[in-house]
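A.B. asks: Below, each chain spelled out in residue letters.
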Amino acid sequence: MRLSNTLKYIWGNLVLNKSRSFLTMLGIIIGVAAVISIMSVGASAQDLLLAQVKAMGTNLIGILPGASDDQGPPSSAFGIEITTLKYEDALDIKKLPHVLAVCSYITGRGTVSYQKEAYEFNYVGLTPDYPVVEDTAFAAGRFIKQEDLDNLARVAVLGSQAAKKLFGQENPLEKQIKVNQIVFKVVGVMKERGASGLQNQDEQIYIPLKTAQKIMLGIDYVAYIRAKIDREENIAPATEQIKQVLRFRHRIKDPAKDDFSVRSTAQALDILGTVTQALKSFLVAVAAISLIVGGIGIMNIMFVTVNERTKEIGLRKAVGAKRKDILLQFLLESAAMTLLGGLVGIILGILISAAIALGVNYFGYDWKFIITPLAVFLSTLMAVSVGLVFGLWPANRASLLSPMDALRRQ
Amino acid sequence: MLIKLENITKDYADEGLITSALRGVALEVKEGEFVAIMGASGSGKSTLMHIIGFLDKATSGKYSFDGEDAEQFIDSKLAEIRNRKIGFVFQAYNLLARTSVLDNVLLPTIYGPRLDKKTFEKNARQILEKLNLSHRANHQPNQLSGGEQQRVAIARALINEPRLILADEPTGNLDSKSGQEVMEILQDLNEEGHTIVMVTHEKYVAECARRILTLKDGQIVSDDQVAARHIAKDGLIK
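Sequence order for the protein chains is A and B. Here the first sequence is numbered in this note's numbering, starting from 11 and rising by one per residue. Here the second sequence is numbered in this note's numbering, starting from 74 and rising by one per residue.
By construction, these hints were calculated from the structure, which means they are not laboratory data. From a predicted model like this one, the values you see are computed outputs, not experimental measurements. Please note: incorrect hints may appear among the correct ones.
To be verified - Here are some chain A residues pointing at chain B (derived, C-beta under 7 Å): (1) Ala276; (2) Gln277; (3) Ala328; (4) Val329; (5) Lys332; (6) Asp335; (7) Pro413; (8) Met414.
As the list claims (entries may be wrong) - From chain B, some residues computed to sit far from chain A (all C-beta separations above 10 Å): (9) Ala86; (10) Ala113; (11) Ser114; (12) Thr132; (13) Ser133; (14) Gln145; (15) Pro181; (16) Gly220; (17) Arg229; (18) Asn263; (19) Glu264; (20) Glu265; (21) Arg284; (22) Asp296; (23) Val299; (24) Gly308.
The beta carbon of each residue, even a glycine, is placed where N, CA and C say it ideally should be.
Chain A extracted, bound-state conformation (with noise of 0.2 Å):
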């Protein structure tokens, strides 16, 4: 059988037999899309984690209360409170060489209301080297001063969405909120950040720490402690620096009995990197397992329509075709097949992950649009060959028989 014809008789196949031909392709087009779009959002997610930590400031140092090792975080990053961690202490670690700055701080919950306008907000006890330690910057007004924690000032500075969202276009600045009916006096505005994490820091506000421990809270213990260092090589000195002051103010003399731990952003970056590579793979998983059930529709589609083939081939071995017209024919068909239908999910796939990332970026999240070439290449090669195999094998079976026994089979 001459080529020119033959593709002309795949085409016209593929055309004649639209719902047989798409119910196949939609099974390629389905795995080879849920691919790829899976895999864009676990790397645009780990970029988005990393990116946020890397966003802190990469020179951190960061203190937790608690005990860790090395396979994993303290207890206290699950939120169990722990109480070994003193303000006392970040003002000793401020006296080491290397360290630019050092913020302790505790978080709460609260309703924070002005006039008519109530909300529920973190909001965050902070000492004055905030600024310095993460890198901000606040649009109005001042931040946090060192007398305001000793006075124990009601002053509070406002995230850039919270003062946005109590008081709208008027200025905040000198007006009194209140944060669980105790009255602040607005000194300040943050510039917008972006979220991280998991929390909105626009949508936070600030505190002086002690104001926090004990008017808000009655602790005397702070969540954690931030350290910005110089410069990076001196980030494994800074952090042995720290654990030995750590360990003198708490008179700790056996360091497996540490009560607390100190991590790089470097160290955190890396757990960080783990973690997400297992969130990857577990996409990796939940994208093979569509991929499996694409490929079962393809192969549910071949069988279905094999009786029907089965004929077809038969009466083309009656008018003079050869196995080798019949195997080049259900060859070319299931590539062509295959391969639009691998074509479509590709396109299909980018369409999808470009839309999530559109949907996050409006957000506010700075979600990156990824595509993985290897997702591409792996689902069109994995969905291409589910097609090609299950295109010829039944038409392999069939073209065996006799011209009769084919035609035969009702």
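Chain A is fixed; fit chain B onto it per the hints.
C.D. replies: Chain B in isolation, oriented as in the chain A frame:
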């Protein structure tokens, strides 16, 4: 001699049980003949025709076709013979669904030698014209009546100008008027010199042929020239 069968047998093995469909059939068909094979169902008439048409292989016996010994034929040679020397007409028409009448007629040509496509298409249209199907060339089989579909199948059988036309119950699925039309065509083709072997179980259809073979239990029990031939043109058969 176009067809020469000697002591042809055909056995089917079904779950270890061997059934003999043909038990030593000898037959000669000359060019230009119109032979009807009759017999009850299970008599082996279809099997005989399939063997003649190279759709199936005999278990034993000698078959020579057009002067060649069929035993020597490899699969691709069989495909070539089916393509160039034999035209099939099936009871169930066996047209490709969702494919135009013209493309159905042209189907055997795509497996044939490389020739001008235009010529084939011209031939196909001429044959359709002759079979009164010109107006149907671009229709699809499911838009056609049974009689029309069978005429398309005949056109398909003719496209490669075969030495032999094999018709397996060509009127079996048709009403008597369509059946008569089909027989009229077959008789015309025979008048033009085409050799036709036809299987039927209906006596009045068989009597359109010139010679009737009767099979019983895999053997030929009678082989007679038709004395009073039906001429389909002259009116409804029956």
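A.B. asks: Each hint should be assessed against the structure and marked as holding or not.
C.D. replies: Comparing the hints with the structure gives:
no. : hint   : result
1   : Ala276 : violated, 65 Å
2   : Gln277 : violated, 65 Å
3   : Ala328 : holds, 5 Å
4   : Val329 : holds, 4 Å
5   : Lys332 : holds, 4 Å
6   : Asp335 : holds, 6 Å
7   : Pro413 : holds, 5 Å
8   : Met414 : holds, 4 Å
9   : Ala86  : holds, 13 Å
10  : Ala113 : holds, 19 Å
11  : Ser114 : holds, 14 Å
12  : Thr132 : holds, 13 Å
13  : Ser133 : holds, 17 Å
14  : Gln145 : holds, 17 Å
15  : Pro181 : violated, 4 Å
16  : Gly220 : holds, 20 Å
17  : Arg229 : violated, 7 Å
18  : Asn263 : holds, 21 Å
19  : Glu264 : holds, 25 Å
20  : Glu265 : holds, 21 Å
21  : Arg284 : holds, 24 Å
22  : Asp296 : holds, 24 Å
23  : Val299 : holds, 28 Å
24  : Gly308 : holds, 33 Å
Checked against the numbered hints above, the structure breaks hints 1, 2, 15 and 17 and satisfies the rest.
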